[in-house]
Structures are given as structure tokens and as C-alpha cells.
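Novice: Using the sequences provided together with the hints, build the complete structure.
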Amino acid sequence: MQKRHTPCWAALALAGLLAACATPAPAAPPTPAVQEISLVALDIYWDQDVIEAQANQPLRLTLRNDGALDHNFEILELDISVLLSPGETEVVEFVVDRNGIFSYLCSIPGHDEAGMLGELVISDW
Numbered sequence: 005m006q007k008r009h010t011p012c013w014a015a016l017a018l019a020g021l022l023a024a025c026a027t028p029a030p031a032a033p034p035t036p037a038v039q040e041i042s043l044v045a046l047d048i049y050w051d052q053d054v055i056e057a058q059a060n061q062p063l064r065l066t067l068r069n070d071g072a073l074d075h076n077f078e079i080l081e082l083d084i085s086v087l088l089s090p091g092e093t094e095v096v097e098f099v100v101d102r103n104g105i106f107s108y109l110c111s112i113p114g115h116d117e118a119g120m121l122g123e124l125v126i127s128d129w
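Heads up, the numbering used here is the position in the sequence shown plus 4, with the first residue counted as 1.
It is worth saying that the hints were derived from the structure and are not from the lab. Where hints are given, some of them may not hold.
Stated by the list, open to error - Derived DEER-like restraints, expressed as beta-carbon distance ranges:
#1 P62 <-> A31: 18 to 24 Å
#2 L73 <-> P36: 34 to 40 Å
#3 I112 <-> P33: 23 to 29 Å
C-beta atoms are modelled at their ideal positions from N, C-alpha and C, and glycine is treated no differently.
Specialist: Below, the structure is given as C-alpha cells:
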């Protein structure tokens with residue numbers, strides 16, 4: 005006696021047709037790349053006076069104090085403040101959601117007046 009496989013083949017064909025017509029799920033938006041920037045504090049100056057970064061992108065700022073004095077890194081508009089003892093390294097991660105120029109400085113008395121300041125420039129690139 006011969007078995008009939010027609011219903012099986014029909015079901016497989018229908019499944020294949022439905023799979024071909026299915027709409028793929030939308031792809032997740034890509035994760036923004038982290039911008040890596042290093043800034044070194046020396047005695048009464050930063051090694052860079054301008055830092056450029058992209059708006060709405062994660063920024064990882066590595067701060068290192070190679071000087072003999074305590075220093076701090078502050079961006080008042082962004083509420084960022086990090087104290088660095090001599091030889092210390094700190095990492096700050098943040099996202100700036102708007103374009104602009106944000107001043108950074110060492111607010112230890114006399115340091116910014118001596119020139120220990122700079123600008124973080126945020127743009128869309």
C-alpha cells in the first residue's frame with residue numbers, strides 16, 4: 005500500500021510562502037560609539053586648551069594629574085567636578101545633548117587665573 009504525502013507537502017509549501025512574505029523586524033538603532041579623550045593636568049596648565057566632541061554621543065574623558073599639585077576639573081554648565089591628587093587618574097563619562105562651547109577649568113584658587121582653563125566644543129560634526 006502506498007502512502008499519500010500531499011497534505012504534508014502542501015503544509016510545507018504554505019509555511020514557506022508565509023515565511024517569505026513575513027515583514028522582518030526593524031533593526032535596532034546602532035549604539036553610538038564612545039568618544040575617548042584624554043586630558044592631562046600639569047602644574048598650572050592643561051595639556052589641551054580645546055577639546056572637540058560630538059553632541060548626543062557618549063564621551064569618556066580620562067583625566068590624569070601629572071603635576072605636583074592638587075587639581076580639579078570642572079565644567080560648571082554640565083555639573084561636572086573631579087578632584088585629582090598628584091599622580092591620580094579619573095574617568096568621567098557623560099553625554100552633552102546640545103551644541104555649544106563649555107568652559108572647563110581648575111577651580112583651585114589661582115589656577116584658572118594662571119591659565120588652567122580650556123573649552124569643550126560640542127557640535128553635530
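Novice: Compare the structure with each hint and give your call.
Specialist: Tested hints:
Checked against the hint of 18 to 24 Å, the C-beta distance between P62 and A31 comes to roughly 20 Å, which is consistent with it. Hint check: L73 to P36, Cβ distance near 36 Å, so the stated range 34 to 40 Å holds. At about 42 Å, the beta-carbon gap between I112 and P33 misses the expected band of 23 to 29 Å.
The structure fails hint 3 only (numbered hints given earlier).
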